[in-house]
Structures are given as structure tokens and as C-alpha cells.
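Novice: Just so you know, the sequences run in chain order A and B.
First residue of the first sequence? That's 3 in our numbering, and the numbers climb one at a time after it.
First residue of the second sequence? That's 33 in our numbering, and the numbers climb one at a time after it.
Derived by calculation from the structure, the hints in this document are not laboratory data.
Positions of the beta carbon are idealized from the N, C-alpha and C atoms, including for glycine.
Hints are supplied without guarantee of correctness; some may be wrong.
To be verified - Using 20 Å as the maximum straight-line C-alpha spacing, the simulated SDA-like pairs for lysine to any residue come out as follows:
id, chain 1, residue 1, chain 2, residue 2
1, A, Lys193, B, Thr148
2, A, Lys176, B, Tyr149
3, A, Lys197, B, Arg122
4, A, Lys161, A, Ser131
5, B, Lys115, A, Gly151
6, B, Lys115, A, Met160
7, B, Lys115, A, Leu180
8, B, Lys115, A, Phe195
9, B, Lys55, A, Glu248
10, B, Lys115, A, Ile203
11, A, Lys193, B, Lys55
12, B, Lys55, A, Gly250
13, B, Lys185, B, Leu163
14, B, Lys55, A, Ile203
15, A, Lys193, B, Arg121
16, B, Lys115, A, Gly171
What the hints assert, rightly or not - Partial pick of chain A residues on the chain B-facing surface, computed with a CB cut under 10 Å:
id, residue
17, Ser128
18, Leu164
19, Met165
20, Gly182
21, Gln187
Said to hold, decoys possible - Footprint (simulated), chain B over chain A, 3 or more residues, beta carbon under 8 Å:
id, region
22, 192 to 205
23, 251 to 264
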Amino acid sequence: MRAYTPKDDVQKKPYYTDRYWVAPQVAKSDVSEDAVFAADLEAIKAKFEVLDAYIQVKQMVVVINARDNFGVIELMKNELEYNQLSELSAIDWLASEGKFEIFYQMLSMSKRKRIRVKCKIDEKESIQSLSSLFRSADWSEREMYDMFGVVINNHPFMKRILMPDDWEGFPLRKTYPLQGDEFAQWYEVDKIFGKEAREIIGPENRDPARVDRYDTERFARLGHEVPRGTDISQGEPDTPLVYQEEDGVFLIQKFDAEKSVVISDRDR
Amino acid sequence: MAQHQVNYLKDGGLPVALTTIDKVVNWGRSNSIWALTYGLACCGIEMMASGASRYDFDRFGTIFRASPRQAELMVVAGTLTKKHAEFIRRLYDQMTEPKWVISMGSCANTGGMFNTYATVQGVDRVIPVDLYLPGCAPRPETLQYGVMLLQQKIRRESASRAQKPKRLM
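Work out the full structure, taking the sequences as your base and the hints as a guide.
Specialist: Below, the structure written as C-alpha cells:
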């Protein structure tokens, strides 16, 4: 007999998976193809251990040890003329390797070249701050800490940058649910009203397509508006669209087009 | 004997109008709804357009105020993030009674397309809402109509109702 599989959430799963699909790979070429990159790589290799290096989409990628990150970037800034740190962040490979990949995207204005420096750290490992070399690293490292929980050493102001200070969890980790864990889903209720208000307010409605025609607490039907909470299971009255009450408003006169005068001679 | 009868209660008789306190107070309230400047996202642009000369909120007596203490209407125009939720509640608490809230646009109503960890799924989880405006973003006409509906709601209420705190949400 075939094993039973629950069918009630079948719509939520992709119904088709291509077993033969292979993720497209960007072609890598050897560093020796580009004279500028080859010279840069030699300069880095002279002082630090380089685990891997290749050219991808006209940019050199250099993989180094995480403990060398400050030294390599300092060398690139001071001696190799890579004078801009344009991007810095982490990639979550915790599921497959148990590691974070940290990348630093460097730009040289004079050489018109870009180098990406990569290194890998463990989940609990911290990494040296680059904010004394590049001011742009300051906020990027705070964002990296905020989103991934990568702790930065020697950072001048190690604090969350986007999420609230009392937030729990790191939202850009692959294990973090898009719609938030329990802490996130009750965050504003817990903070403003306290945990005891959870029952009064109720859980979030995360189904944007949910419509209950008879629920007048949450839904209104255009042209059939009734006060909140009215029972309309027996039908509801037609409510014509009106801008003012039928019998007029105190001290306010309705505009009567019949009585109005159209001025035709503009020179008057 | 008088040859004519003066009907004091009719228009054009004497400058006398008989009415109730409720109606006078509500007339004042409904025609001077001062709104808190509270644009959170792109709906805020539509709210600004409503206040500017083409749609001209001033003719309804709706004037945007920068202080919650001078405002009685909060138009939540845009996405409310969870980080900001405590501040919207604080601003709402600072507004003086009576106060009303218009939730403007999909994001304020239900979180809209931001079905994520960082967005409050409807401002009514934090503050009580009187009027929900659909749209992404609602046009200024929608906001105008919403304010006119709110005026009707204010005129229906009893002016001297007890200042009891509103429901939690």
C-alpha cells in the first residue's frame, strides 16, 4: 500500500520540480588573463595566504582566511590603489557548510578595476572591523550584524541598524521565516500592551486573500455599509453613496446648480 | 391687530436659529478636523496632494498640524513597521479627545503586500481605527470622501458623550 501523504496543504508546495535542473554557473577564468589583476594577486600573495583566486565577469575574486581580512584590505587600500569599499555583507551558508561567507567589494578608481575579497567564518566566530579603513564599512558591518548576527570586533558602535534594539533573531538568515517567528509576530503587541493583551488582540491575519462576507467587524461591502459588528446574515440594507445627510447639515447649504449664475462675459 | 404674522422660526424672519447643543458642537467639530501630519510612506504623497491647492483640504476645515496635541484626526498614510508601532501609539495617546483615526491604504489596513516579519499587519492591531480607505495608494478623492464620511460620523455622535477610553483596538 502506498504511504499516506497529507493533501490539505498541497497548494502551498510547488507541484513541479525539475530533477535535472542545474543552477547556472558563471564562467570562471584564470587570473593570468589580466595583467593588472595578476600583479595585484602577486602583491597579496606575497604577504597573505590566498586560498583561491579567479576572474568572474571581469572582476577578480580572492578567497582569503578570515583572520587576514583587515590586512588584505589595508594592503589593497594603501598599496594597490583600491580606494573604495563599495559593498560588504555576509551570505548564509549555515545549512550546507555551517559557515558565513563575508565578502568585500573593492573598487579602484585609478585602475578601473573591481576585486571581491571573500572569506568564511563559523557561526559563532567574529571578524575584524574595517571601519577604521573605510567609513562605509561602519554601517555595512552594523547591517551585517543586524541581519546575520555576525559579531564585529573593534567596531566603534556595534548596534543594530535597521531592526529595533530589543529585536530577537537575525532576519536575513535562511532559517528565519519570512513572516517572522513568534517573537516577531507579537512584537508590537508585547511591547505596547504587554503579553497579556495577546488574547484580546489575537494573532495576525497573514492571509491577504481572506474575505468573510458576513464578518462586519473586519469587512465592509461598498454600498452596503453597516455599523461595525452588525449581524448581516439575514441580509443588509442598501446604503446609497451620500456625501451629506439627506436632511442637510446645520449651517451648511447644499450647492444648488439651478440657482447658480454662470458668468459669461468675462470682462464684467 | 397685526396685519401680518412674523414666523420667527422661519428663514428670513429674525436672525434666530433654534438647534441643539449637540448639533452646534458637532458642526464645529466636523468642520474643523485638524489632522496630524502622519505620512509614513507613499500614501503620504497622496495625503500631501489632498492638502495642497488642487484638492484643497482647507475648505473642509481640515488643516494638517505638526503636533499631536493640536490634532484630532490621525491619517495613518503608509506602511507601519513594527519598529515604529510604539511611536504611533505614543502619538495617538498624546492626541486630545475626541480623536479619530483614518487608516489610509492597503498597508495601513492590513499590511498590504508587506507580508513580512517587519510590518504591522494592520494599524488596528495598535490603535483603534474609525475608517479604512482601500487603495494602493488611494487617490486624494478617496481621502476627501473618507473625511466627508468621518464628518457624517462625527455629526451622528452625541457631543456630550462621556470621555470614556476607546476600545483597545
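Novice: Could you run down the list of hints and mark each one as holding or not?
Specialist: Hints versus structure:
| no. | hint | result |
| --- | --- | --- |
| 1 | A/Lys193 x B/Thr148 | holds, 18 Å |
| 2 | A/Lys176 x B/Tyr149 | holds, 14 Å |
| 3 | A/Lys197 x B/Arg122 | holds, 18 Å |
| 4 | A/Lys161 x A/Ser131 | holds, 13 Å |
| 5 | B/Lys115 x A/Gly151 | holds, 18 Å |
| 6 | B/Lys115 x A/Met160 | holds, 19 Å |
| 7 | B/Lys115 x A/Leu180 | holds, 16 Å |
| 8 | B/Lys115 x A/Phe195 | holds, 15 Å |
| 9 | B/Lys55 x A/Glu248 | holds, 15 Å |
| 10 | B/Lys115 x A/Ile203 | holds, 18 Å |
| 11 | A/Lys193 x B/Lys55 | violated, 40 Å |
| 12 | B/Lys55 x A/Gly250 | holds, 12 Å |
| 13 | B/Lys185 x B/Leu163 | holds, 10 Å |
| 14 | B/Lys55 x A/Ile203 | violated, 35 Å |
| 15 | A/Lys193 x B/Arg121 | holds, 11 Å |
| 16 | B/Lys115 x A/Gly171 | holds, 14 Å |
| 17 | Ser128 | violated, 25 Å |
| 18 | Leu164 | holds, 8 Å |
| 19 | Met165 | holds, 7 Å |
| 20 | Gly182 | holds, 3 Å |
| 21 | Gln187 | holds, 8 Å |
| 22 | 192 to 205 | holds (count 6) |
| 23 | 251 to 264 | holds (count 4) |
Hint check: violations occur at hints 11, 14 and 17; the rest are consistent with the structure.
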